[in-house]
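Asker: Here are the chains, one letter per residue:
There are 2 protein chains.
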Amino acid sequence: MTKKKPTILVVNDDGITAPGIKVLIEEMQKIGHVVVVAPDSPQSGMGHAITIGRPLRLDRIDLYEGVEMYKCSGTPVDCVKLAVNKIFKGRKPDVCVSGINHGLNHSINVLYSGTMSAAVEGAIEGIPSIGFSLDNFAYNADFSHCRPYLISITQQVLVNGLPKGSLLNVNFPNDADIKGIKICRQAGGHYVEEFDERIDPHNRDYYWMTGKFELEDRGEDTDSFALSNGYVAIVPTQFDMTAHHVIPELNSWGFDV
Amino acid sequence: MTKKKPTILVVNDDGITAPGIKVLIEEMQKIGHVVVVAPDSPQSGMGHAITIGRPLRLDRIDLYEGVEMYKCSGTPVDCVKLAVNKIFKGRKPDVCVSGINHGLNHSINVLYSGTMSAAVEGAIEGIPSIGFSLDNFAYNADFSHCRPYLISITQQVLVNGLPKGSLLNVNFPNDADIKGIKICRQAGGHYVEEFDERIDPHNRDYYWMTGKFELEDRGEDTDSFALSNGYVAIVPTQFDMTAHHVIPELNSWGFDV
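From first to last, the protein sequence lines are chains E and W. Numbering follows this note's numbering, with no gaps: position 137 of the first sequence is 147. Numbering follows this note's numbering, with no gaps: position 84 of the second sequence is 94.
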């Protein structure tokens, strides 16, 4: 192809210095012109939060040779909004990639995840968007087996586009022996929280939240199933949260006011 | 009915002292036993954020006569998690109501809204859940025309339940002359942000984010359309974000790794 190199917006939620985004930047540099806008501190679990009551900082940072990079004081979603409006100024990048997250974002985690929320925001802005996550929370996680998939999946999106209103949620197993790619649905599940209750030096209670994911879904077409069987799980994801199938039932209720 | 009074969990994102939650508490007290767990400070725009890197406070507060109330230092979603695990301790409330939000949560706002994310979390926990929002951001907004709908809609949910995986997003017009209730889908739209750039006393740039909602959807079955025509808009909402209709297309791509 003689087409000019695509412009690729790279974001994440673990912060601009995280090893996961470094791997993503390195791979994206092989196929396009990379612009990075990422939080200046870890923003895991920030979901689709935006910064309303406080001002935002956005500063150029020269972290990796030859890459246009900005760190932002806000959330992952703020990063995408600033990128679109202050850096790209209305021009749109050809694709927005988020991650690689240190930790899975399968099943219900799509809601809590800053990584996925940044990709969702990209899609809302009309940019074909992909979130990438690895099943390993460690700072020094080995991302090397993800590298060929980052390029292959991003190139497919660049060539084919994505249907309006959709994006991709891509999760990698930690085991390097990948069996292949499965296109999946989001598994049903939830977290069971435990709150570790402690007493501070001023004799006041406080809690540390910890949670354990419970899979409630035995389907073999889910992201959780694919991951636990050694496959890369790709879930096409949308931000229309309407439960369309429930509309007829509600219409039959007859509200009495 | 001789059935015992339902237990109603009340949450919000504007904070426990907001006028909107007071109206919701007053109405819910007429039909059930009310337990309130709400943020100790405004949490608008927090989306589905949870608190990971910091501990949480949860303290009893006697704000309104005869109501069991707790203020929480965390996000709206944290409030629901603490309510379920530390206050209800596994017993479940019969319904979770969130709001009344000072400001609409129609269309894409369902993603940014702490009010709706608290209701979504209630639904994930298996509790029939409803988010209520009014088209008025003012602190002294008049919620009186919402009152009969709060009871009617909540009682319908208590009687009928809600299909697994779904909840209700209820938005009220600001005009008291309500035409009725419309069951809707989430309108397509997005925000166009403007970043008000300023210089701080240390000569560094900072930005205030402001956004203007742009409706992209001319459908007459949307929440935005219903609201602008004087109806209460109810959108059945789900947290399965899979774009099921895109799965066949992705399966046809043939990923090359």
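It cannot be assumed that every hint is accurate.
A pair counts as met if it fits within one copy or between any two copies, since identical chains are not told apart.
Derived lysine-lysine pairs resembling DSS-like cross-links, with alpha carbons at most 25 angstroms apart [unchecked claim]:
hint : residue 1 : residue 2
1    : Lys174    : Lys222
2    : Lys189    : Lys81
3    : Lys192    : Lys15
4    : Lys32     : Lys81
5    : Lys102    : Lys40
6    : Lys192    : Lys99
7    : Lys15     : Lys189
8    : Lys99     : Lys222
9    : Lys189    : Lys96
10   : Lys192    : Lys96
11   : Lys102    : Lys222
12   : Lys222    : Lys96
13   : Lys174    : Lys189
14   : Lys81     : Lys192
Think of the hints as simulated: they come from the structure by calculation, not from any bench. Keep in mind that this is a model prediction, so the values were computed, not measured.
Asker: Decide, hint by hint, whether the structure agrees.
Answerer: Structure-based check of each hint:
| no. | hint | in the structure |
| --- | --- | --- |
| 1 | Lys174 to Lys222 | between (34 angstroms within a copy, 21 angstroms between copies) |
| 2 | Lys189 to Lys81 | neither (36 angstroms within a copy, 48 angstroms between copies) |
| 3 | Lys192 to Lys15 | neither (28 angstroms within a copy, 48 angstroms between copies) |
| 4 | Lys32 to Lys81 | within (14 angstroms within a copy, 40 angstroms between copies) |
| 5 | Lys102 to Lys40 | within (20 angstroms within a copy, 52 angstroms between copies) |
| 6 | Lys192 to Lys99 | neither (36 angstroms within a copy, 38 angstroms between copies) |
| 7 | Lys15 to Lys189 | neither (31 angstroms within a copy, 54 angstroms between copies) |
| 8 | Lys99 to Lys222 | between (42 angstroms within a copy, 16 angstroms between copies) |
| 9 | Lys189 to Lys96 | neither (41 angstroms within a copy, 42 angstroms between copies) |
| 10 | Lys192 to Lys96 | neither (37 angstroms within a copy, 39 angstroms between copies) |
| 11 | Lys102 to Lys222 | between (39 angstroms within a copy, 19 angstroms between copies) |
| 12 | Lys222 to Lys96 | between (39 angstroms within a copy, 16 angstroms between copies) |
| 13 | Lys174 to Lys189 | neither (30 angstroms within a copy, 33 angstroms between copies) |
| 14 | Lys81 to Lys192 | neither (34 angstroms within a copy, 44 angstroms between copies) |
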